[in-house]
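Undergrad: Listed below are the residues making up each chain.
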Amino acid sequence: MGLRFRRAWRMARPPLDRTARIVSVQLALATAILTGIFAGAPRAQHMDMGSAGGLPAKIGYCKDCHGPAAQGYGGFFPIPRLAGQQTEYLENQLRAFIEHRRTNNVMFNVAHTLSPATIAALAAHFRSLNPSPIGGAPKQLVSLGRKIFEDGVPDANVAACAACHGPDASGSGQIPRLAGQLYPYVIKELVNWGKERGQNPAKPDTSAIMSPVAHSLSKTQIDAVAAFVSYLK
Amino acid sequence: MDRNMRFADALSPNGQRERRPMQVAQLKLAGPTVLLAVVLATAAGAEDKSPVAKQDVQAKLAYCEVCHGVSAQGFHGYYPIPRLAGQQTEYLENQLQAFVEHRRTNNIMFNVGHVLSPAMIAALAADFHDLNPKPLGGAPAELVGAGKKIFEQGISSTDVPACSSCHGPEAKGDGAFPRLAGQLFDYVVSKLQNWDKERGQNPAQPDASALMQPIAHNLTAAQIKAVAAYLSQLE
Chain E
44 MGLRFRRAWR MARPPLDRTA RIVSVQLALA TAILTGIFAG APRAQHMDMG SAGGLPAKIG
104 YCKDCHGPAA QGYGGFFPIP RLAGQQTEYL ENQLRAFIEH RRTNNVMFNV AHTLSPATIA
164 ALAAHFRSLN PSPIGGAPKQ LVSLGRKIFE DGVPDANVAA CAACHGPDAS GSGQIPRLAG
224 QLYPYVIKEL VNWGKERGQN PAKPDTSAIM SPVAHSLSKT QIDAVAAFVS YLK
Chain W
38 MDRNMRFADA LSPNGQRERR PMQVAQLKLA GPTVLLAVVL ATAAGAEDKS PVAKQDVQAK
98 LAYCEVCHGV SAQGFHGYYP IPRLAGQQTE YLENQLQAFV EHRRTNNIMF NVGHVLSPAM
158 IAALAADFHD LNPKPLGGAP AELVGAGKKI FEQGISSTDV PACSSCHGPE AKGDGAFPRL
218 AGQLFDYVVS KLQNWDKERG QNPAQPDASA LMQPIAHNLT AAQIKAVAAY LSQLE
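So the protein sequences, as listed, match chains E and W. Per this note's numbering, residue 44 is the first one in the first sequence, and the count goes up by one each step. Per this note's numbering, residue 38 is the first one in the second sequence, and the count goes up by one each step.
Keep in mind the hints are simulated off the structure, nothing from the lab. Treat the hints with care, since some could be wrong.
Cross-link-like lysine-lysine pairs, in silico, DSSO-like; alpha carbons within 30 Å at most [unchecked claim]:
(1) E/Lys238 <-> E/Lys106
(2) W/Lys228 <-> E/Lys190
(3) W/Lys91 <-> W/Lys171
(4) W/Lys171 <-> E/Lys246
(5) W/Lys234 <-> W/Lys185
(6) W/Lys185 <-> W/Lys171
(7) E/Lys262 <-> W/Lys91
(8) W/Lys209 <-> W/Lys234
(9) E/Lys231 <-> E/Lys101
(10) W/Lys91 <-> E/Lys238
(11) E/Lys182 <-> E/Lys238
(12) E/Lys190 <-> W/Lys171
(13) E/Lys106 <-> E/Lys276
(14) E/Lys190 <-> E/Lys101
(15) E/Lys262 <-> E/Lys238
Which residues of chain E face chain W? A partial, calculated answer using Cβ under 8 Å [unchecked claim]:
(16) Cys108
(17) His109
(18) Gly195
(19) Pro197
(20) Ala202
(21) Ala203
(22) Ala205
(23) Ala206
(24) Ser215
(25) Gly216
(26) Ile218
(27) Asp248
(28) Ser250
(29) Val256
Listed below are several chain E residues computed to face chain W (Cβ distance under 10 Å; list not exhaustive) [as the list claims (entries may be wrong)]:
(30) Ile122
(31) Val201
(32) Gly209
(33) Ala251
(34) Ile252
(35) Pro255
(36) Ser259
(37) Thr263
Values in this document were obtained by computation on a predicted structure and should not be read as measured data. In this text, a Cβ means the ideal position worked out from N, Cα and C, and glycines have one as well.
One chain only, chain W, in its complex shape (with noise of 0.2 Å):
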């Protein structure tokens, strides 16, 4: 045997492994090229499609939910941090995008979503969609009759369509338009709020985010309340 041959690991064509030697000159391509695609592959990016294995996935999982709260049933923190649990994995995806952008501005965010990978997002998105405890509550429960009104029929005189029309019946969402149901209710109330001062924020990448503005904005404050309310407490 040529004392210069490798050895590489292989399949046999019925799928055993086995030992084949490599070329010498194949081996000594085979360094460059590896080079090479290395190079690619950190400048592409965004673009790695490398899957991503199960553990990272749960430790960052577990980051997720020091702040959205056990089982991501959302948080009072410092701010109010919204209920991921059985979110629409598309919404879910968008958003993280939509803060990597600054489309959707939030420091904190933008911090977090700029090192996931899009096969991280994707497993994290739907681990999320899968979890379903309970809603946090604690609205005031007076509010909710006239927010299952607002919600079921809208409000023909401002011009506010009803909120089941897109987000369905039980709030559960549909695609890129979110669940609601068992939101939090001062982060429901603070987003619709603040609407147009949190997202869209990029004039020349406008998203899908300008359908909700002028609903936002015909809504009023007592409305926004009630709304909240009925939606923090459906499960």
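Chain E with its partners taken away, still in its complex shape (with noise of 0.2 Å):
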């Protein structure tokens, strides 16, 4: 049907003079060149996939920050292992971040930029990474974080860790990993729970299921409860 509309389209249409043709042609080109610019920014974010130089070069980017193998980093600030993490986890997280429920200004930068299928991509490759601990925590306090992370504290209404986060803290689904956390990382992440996750009261999220558990533990058990998932694999 489209085949002989065209046709008659044509020989209903007076033939173009030479002026009108050259019109036409530099519309043509000048159409040409505007749809190439716009239909470039949604094809950039694919691009930001497939082609080369687009998924490499983002991964090396985080990886300035959280290290080469993404076992994470004693930065300024401790800045958190990605290697072996839950994906449902760390796709959440950066949402969070974009969303402002998780306040850090610089996770923030990083994640606005970021399409679903990168932030897809990025995920599944820090999942395969798995780069030895950092370590460096005070090994005298692993036989209490043992005990707390694998028993809670029942008396002080402080669940085991390894209900959620597993025996060996390897996490699932949204829960994240904990093993080979940074200790310093962990520490400040339960220190400032309350102060840093679910900070948008009108759109309440998963970290509230920590906020009691993190409020129950002492600094002592804090640290304990640290440097025991900081060294396992």
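Reconstruct the complex from the two isolated chains, following the hints.
TA: Here you go:
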């Protein structure tokens, strides 16, 4: 049907003179260029995924701060290990940074330029990495940390971490891996939980689950459990 | 007035608070009596019948919900952690006792259970019973029809009685028989498949869990999944 219509249309139109043909070519060219520019915007996100330099460059950029194998880095702030992290958790955190439910200016700037496809690709990549933990936590805290991790502190209403994070702290789905996480980072997160996470009261999120736990742990218990998980592979 | 007199707070016969002079002799006995009472109470331990403060119950409830989910609807932690909302109080109390006595083996629940006083256990069970959130859901919907049939009719060829005969037509349970309505799909599957590995673990103290053993054993894996799917979406 389309072909017959086009033939009929061509036959009905008068033939273009030279001027008209030049103008129409110029218009076509301009349209093509403009289309290229505007269509390039969404296409750039796909290029971010598929073209040379796209995803590998983005991964390298993350590793500038998070360490060459994403094992974490003790910078001015402790920068967390991403290696081996649960993909669902990683993606949730990037979304939380973007939506200011989790407040961190550096990570907001990092995250809000990432397309959903890039986020998924990054998460899959980090999940596959498996460097040794950085270590360095005080070894004498580890056995108390293990006890808290495995048994909880029932008479202080502290739930056993293992129930959700797994006996090897590998996490599950939206629940993060803690194994090999930086000692000062875990401490910082637990001490500051209510100041950094769940910051949009209009949009409560799953970070609320950890609030009573973080709140009930004493500083000594936080240090101990952080030391314990930091050595886990 | 004798300066050696002490006064005690007391109630007069008509209920008014008043201060009455204590005899010095009574006072001298008071100390050792109190001490003895404390020693005996401590030794009795599990027989402690003292009531439990409301804010302690609330704090303990919030602690349970960290793992058992908002309104105790259940939660997918590393393991599937069961729904407690709407549970039969007798069943809940029995399970906590089973954990403490190692008849039901679960390290985390042993630790949770053995610090709870009887009054606290009763208060928690009552509070959980009153909760009524929607089921967590998520089971494969195509299994529900087959599951309903098993639940209501059993499987006579393999001597599996209808679940409804003990758990009730709506799976709300009855006394020692647990509510199953709204229980997590993967929790029910895991429990039925591992029944005799986790329950009735003290041969010297056989318990009611023995009832379910032949049933769990005779159900096939597919039947377990079907009935679990059906139960998980019941309100």
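Undergrad: Taking the hints in turn, state whether each one holds.
TA: Hint-by-hint comparison with the structure:
no.	hint	verdict
1	E/Lys238 <-> E/Lys106	26 Å, holds
2	W/Lys228 <-> E/Lys190	26 Å, holds
3	W/Lys91 <-> W/Lys171	26 Å, holds
4	W/Lys171 <-> E/Lys246	20 Å, holds
5	W/Lys234 <-> W/Lys185	27 Å, holds
6	W/Lys185 <-> W/Lys171	19 Å, holds
7	E/Lys262 <-> W/Lys91	27 Å, holds
8	W/Lys209 <-> W/Lys234	25 Å, holds
9	E/Lys231 <-> E/Lys101	27 Å, holds
10	W/Lys91 <-> E/Lys238	29 Å, holds
11	E/Lys182 <-> E/Lys238	29 Å, holds
12	E/Lys190 <-> W/Lys171	35 Å, violated
13	E/Lys106 <-> E/Lys276	20 Å, holds
14	E/Lys190 <-> E/Lys101	39 Å, violated
15	E/Lys262 <-> E/Lys238	16 Å, holds
16	Cys108	29 Å, violated
17	His109	25 Å, violated
18	Gly195	6 Å, holds
19	Pro197	5 Å, holds
20	Ala202	4 Å, holds
21	Ala203	5 Å, holds
22	Ala205	7 Å, holds
23	Ala206	5 Å, holds
24	Ser215	5 Å, holds
25	Gly216	7 Å, holds
26	Ile218	7 Å, holds
27	Asp248	12 Å, violated
28	Ser250	13 Å, violated
29	Val256	6 Å, holds
30	Ile122	26 Å, violated
31	Val201	8 Å, holds
32	Gly209	4 Å, holds
33	Ala251	9 Å, holds
34	Ile252	6 Å, holds
35	Pro255	5 Å, holds
36	Ser259	8 Å, holds
37	Thr263	19 Å, violated
Violation of the numbered hints given earlier is confined to hints 12, 14, 16, 17, 27, 28, 30 and 37; the remaining hints are satisfied by the structure.
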